[in-house]
Amino acid sequence: MTMKKVAILTHDIGGGAFTSLGTALSRGFQELGINCEFVVLKATQAEKEQYPNINIVTLNTQRTAFSLLPTVRYLKQSKPDVIFPMPWYFNITAIWARYLSGIDSQIIIGEHNIISLETGIEHQDKLHLQSLPMLMRYTYPYGDGLIAVSQDTIADLVETIKVPPRIPMRVIFNPIDLDRVQQLAKKPTDHPWFLDSETPTIVTVARLAKQKQLDVLLRAFARVVKIQPARLLILGEGPLRSQLENLCYELQIEDCVAMPGYDRNPYRYMSACDVFVLASAWEGCPIALQEAMACGAAVVVNDAPGGSKDLIEYGKHGMMVAAGDSEALATGILQILSNSSLKQHYQNQARKRARDFQYLKIAQQYLDFSTTGLVRQEVLCR
Numbered sequence: 001m002t003m004k005k006v007a008i009l010t011h012d013i014g015g016g017a018f019t020s021l022g023t024a025l026s027r028g029f030q031e032l033g034i035n036c037e038f039v040v041l042k043a044t045q046a047e048k049e050q051y052p053n054i055n056i057v058t059l060n061t062q063r064t065a066f067s068l069l070p071t072v073r074y075l076k077q078s079k080p081d082v083i084f085p086m087p088w089y090f091n092i093t094a095i096w097a098r099y100l101s102g103i104d105s106q107i108i109i110g111e112h113n114i115i116s117l118e119t120g121i122e123h124q125d126k127l128h129l130q131s132l133p134m135l136m137r138y139t140y141p142y143g144d145g146l147i148a149v150s151q152d153t154i155a156d157l158v159e160t161i162k163v164p165p166r167i168p169m170r171v172i173f174n175p176i177d178l179d180r181v182q183q184l185a186k187k188p189t190d191h192p193w194f195l196d197s198e199t200p201t202i203v204t205v206a207r208l209a210k211q212k213q214l215d216v217l218l219r220a221f222a223r224v225v226k227i228q229p230a231r232l233l234i235l236g237e238g239p240l241r242s243q244l245e246n247l248c249y250e251l252q253i254e255d256c257v258a259m260p261g262y263d264r265n266p267y268r269y270m271s272a273c274d275v276f277v278l279a280s281a282w283e284g285c286p287i288a289l290q291e292a293m294a295c296g297a298a299v300v301v302n303d304a305p306g307g308s309k310d311l312i313e314y315g316k317h318g319m320m321v322a323a324g325d326s327e328a329l330a331t332g333i334l335q336i337l338s339n340s341s342l343k344q345h346y347q348n349q350a351r352k353r354a355r356d357f358q359y360l361k362i363a364q365q366y367l368d369f370s371t372t373g374l375v376r377q378e379v380l381c382r
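For the sequence shown, position 201 (counting from the first letter as 1) is numbered 201 according to UniProt numbering, and the numbering increases by one without interruption.
Rather than coming from a laboratory, the hints here were simulated on the basis of the structure.
Computed from a predicted structure; not experimentally measured.
Errors might be hidden in some of the hints.
[Claimed, not checked] Below, computed lysine-lysine pairings styled on BS3-like, alpha-carbon distance capped at 30 Å:
id, residue 1, residue 2
1, Lys210, Lys226
2, Lys5, Lys186
3, Lys343, Lys226
4, Lys361, Lys343
5, Lys187, Lys4
6, Lys186, Lys352
7, Lys42, Lys361
8, Lys42, Lys316
9, Lys162, Lys210
10, Lys42, Lys76
11, Lys162, Lys226
12, Lys4, Lys42
13, Lys76, Lys48
14, Lys343, Lys186
15, Lys48, Lys186
16, Lys187, Lys5
17, Lys5, Lys42
18, Lys361, Lys79
19, Lys186, Lys76
20, Lys5, Lys76
21, Lys4, Lys316
22, Lys343, Lys316
23, Lys352, Lys316
24, Lys5, Lys48
25, Lys76, Lys187
26, Lys210, Lys316
27, Lys187, Lys48
28, Lys226, Lys316
29, Lys186, Lys162
[To be verified] Pairwise CB distance ranges, derived in the manner of DEER restraints:
id, residue 1, residue 2, range
30, Lys4, Tyr99, 33 to 43 Å
31, Ile227, Gly15, 30 to 40 Å
32, Leu360, Lys79, 44 to 54 Å
33, Thr61, Glu31, 27 to 37 Å
34, Lys79, Gln344, 45 to 55 Å
Cβ coordinates follow ideal geometry from the N, Cα and C atoms, glycine included.
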């Protein structure tokens, strides 16, 4: 297949995981000589100016639910050879838009989380999302290929969504811009805890939501401070803030836990921390963990469903502990805090592993899969 133009279809460029993912892939495709359009629902001029070297196309609609017809119009006008939609609802939109537009673009579905856990736990109270697995089951078979960020993600799609094995599938990690992350990591921190090198600081970057299992981290941290002084910095915002703040008071750790909210440059804290922890109940392929490794942080993760364990190769590039176990998590954190050579080992391993996530390498894997790994499926909707 000769490829001249690709399109990435997602939410917006206002920040977050898919902004990082989309912009990194766009930059990689363009550096590899492929014309790439980064297609989002809506973007302000100020947001576009943050990414001057990326070709951003807006559908001029506020919500995903209203994006089908604007996507049809985009496909008729732009005619990309390959579309990389992400996440799930954009996969569905892209497949329907291709059918309605009559354009023969190839669609590579992008799946970035474990769907059964997302709908069954994180979004179980959102009725409008409960129909998505059914929509996926009857839509995904019309995709030309599927890129997932972990083997567990693929296994869940096959078992839960019944994605047919005839569709080519491949695990490709999320891309990160190592140079950008490492440059921003050199910026000074403005938090007083990092001026005191005597007391170690633990950092996590996570949305304050069920998936991130920050209650387990707080209970583990409460165990840690009973043995040695430490501090915990949680960067992120979300619906569970008040519950987590109450838990800090219940555990009597409120004086050594800080939750300042979202930070546009978490890398300076990742590079300065003593341990970076991700205690999620499940993950797709956590960009925050990849970026922490790029910053040279010694990392501790749960042996939970998803990509965290893949990123550290089951303990080679970071410490892995039992999932959902606050005592095991505390033990892992204390091992690193009390053993400088172990900490240095994991820091070195993290930097080494992060080279595998460089956006140019990942973009090339996307292109290789799209050009050599697929056989166009003849399906009823054509």
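We went through each hint and held it up to the structure:
1. A C-alpha spacing of about 26 Å is found between lysine 210 and lysine 226, which places the hinted pair at or below 30 Å, so the restraint holds.
2. Taking the CA atoms of lysine 5 and lysine 186, the gap is about 36 Å. The hint is violated against a cut of 30 Å.
3. Under the criterion of a C-alpha separation no larger than 30 Å, the hint pairing lysine 343 with lysine 226 is consistent with the structure, at around 21 Å.
4. Of the pairs offered as hints, the one joining lysine 361 and lysine 343 holds, with about 28 Å between alpha carbons and a cut-off of 30 Å not exceeded.
5. For the hint pairing lysine 187 with lysine 4, the CA-to-CA distance comes to about 38 Å; that exceeds 30 Å, so the pair is violated.
6. The straight-line distance between the Cα atoms of lysine 186 and lysine 352 is roughly 18 Å, inside the 30 Å bound, and the hint therefore holds.
7. For the hint linking lysine 42 to lysine 361, the alpha-carbon distance of about 29 Å falls within 30 Å, and the restraint holds.
8. For the given pair, lysine 42 sits about 41 Å from lysine 316 by alpha-carbon distance, which is inconsistent with the 30 Å threshold.
9. For a cut-off of 30 Å, the pair hint linking lysine 162 to lysine 210 stands: about 26 Å separates their Cα positions.
10. Using a Cα cut-off of 30 Å, the hinted pair lysine 42 and lysine 76 holds, with the two alpha carbons roughly 19 Å apart.
11. Restraint check for lysine 162 and lysine 226: the C-alpha separation of about 48 Å exceeds 30 Å, so the hint is violated.
12. Restraint check for lysine 4 and lysine 42: satisfied, since their Cα atoms lie roughly 25 Å apart, inside the 30 Å limit.
13. Among the hinted pairs, lysine 76 with lysine 48 is consistent with the structure: their alpha-carbon atoms are about 23 Å apart, no more than 30 Å.
14. The hinted pair formed by lysine 343 and lysine 186 meets the criterion: a straight-line CA distance of about 20 Å does not exceed 30 Å.
15. Distance restraint check for lysine 48 and lysine 186: the Cα-Cα separation of roughly 25 Å lies within the 30 Å cut-off, and the hinted pair is therefore satisfied.
16. Distance restraint check for lysine 187 and lysine 5: the Cα-Cα separation of roughly 36 Å exceeds the 30 Å cut-off, and the hinted pair is therefore not satisfied.
17. Only pairs whose Cα atoms come within 30 Å are accepted, and lysine 5 paired with lysine 42 is accepted, the gap being roughly 21 Å.
18. Distance check on the hinted pair: lysine 361 and lysine 79 sit about 26 Å apart at the alpha-carbon level, within 30 Å; holds.
19. Distance restraint check for lysine 186 and lysine 76: the Cα-Cα separation of roughly 45 Å exceeds the 30 Å cut-off, and the hinted pair is therefore not satisfied.
20. For the suggested pair lysine 5 and lysine 76, the alpha carbons sit about 14 Å apart, so the restraint of at most 30 Å is met.
21. Simply put, lysine 4 and lysine 316 have alpha-carbon atoms about 39 Å apart, too far for the 30 Å limit, and the pair is violated.
22. With a CA separation close to 13 Å, the supplied pair lysine 343 and lysine 316 stays within the 30 Å bound.
23. Note on lysine 352 and lysine 316: the hinted pairing holds, with a Cα-Cα distance of about 11 Å set against a maximum of 30 Å.
24. Only pairs whose Cα atoms come within 30 Å are accepted, and lysine 5 paired with lysine 48 is accepted, the gap being roughly 20 Å.
25. At most 30 Å may separate the alpha-carbon atoms for a hinted pair to count; lysine 76 and lysine 187 exceed this at roughly 45 Å.
26. Our distance criterion of 30 Å between C-alpha atoms is met by lysine 210 and lysine 316, whose separation comes to about 28 Å.
27. At roughly 24 Å between alpha-carbon atoms, lysine 187 and lysine 48 fall within 30 Å of each other, so this suggested pair holds.
28. Proposed proximity of lysine 226 and lysine 316 is supported: the alpha carbons are some 29 Å apart, at most 30 Å.
29. Pair hint lysine 186 plus lysine 162 does not hold up; C-alpha atoms about 46 Å apart against a cutoff of 30 Å.
30. At about 23 Å, the CB distance of lysine 4 to tyrosine 99 disagrees with the hint of 33 to 43 Å.
31. Against the hinted window of 30 to 40 Å, the Cβ-Cβ separation of isoleucine 227 and glycine 15 comes to about 37 Å, which satisfies the hint.
32. Under the hint 44 to 54 Å, the C-beta atoms of leucine 360 and lysine 79, about 26 Å apart, miss the expected range.
33. Judged by the Cβ atoms, the range 27 to 37 Å given for threonine 61 and glutamate 31 holds: they are separated by roughly 30 Å.
34. Roughly 52 Å separates the CB atoms of lysine 79 and glutamine 344, a value that falls within the hinted 45 to 55 Å.
Hint compliance for this structure: hints 2, 5, 8, 11, 16, 19, 21, 25, 29, 30, 32 are not met, and every other hint is.
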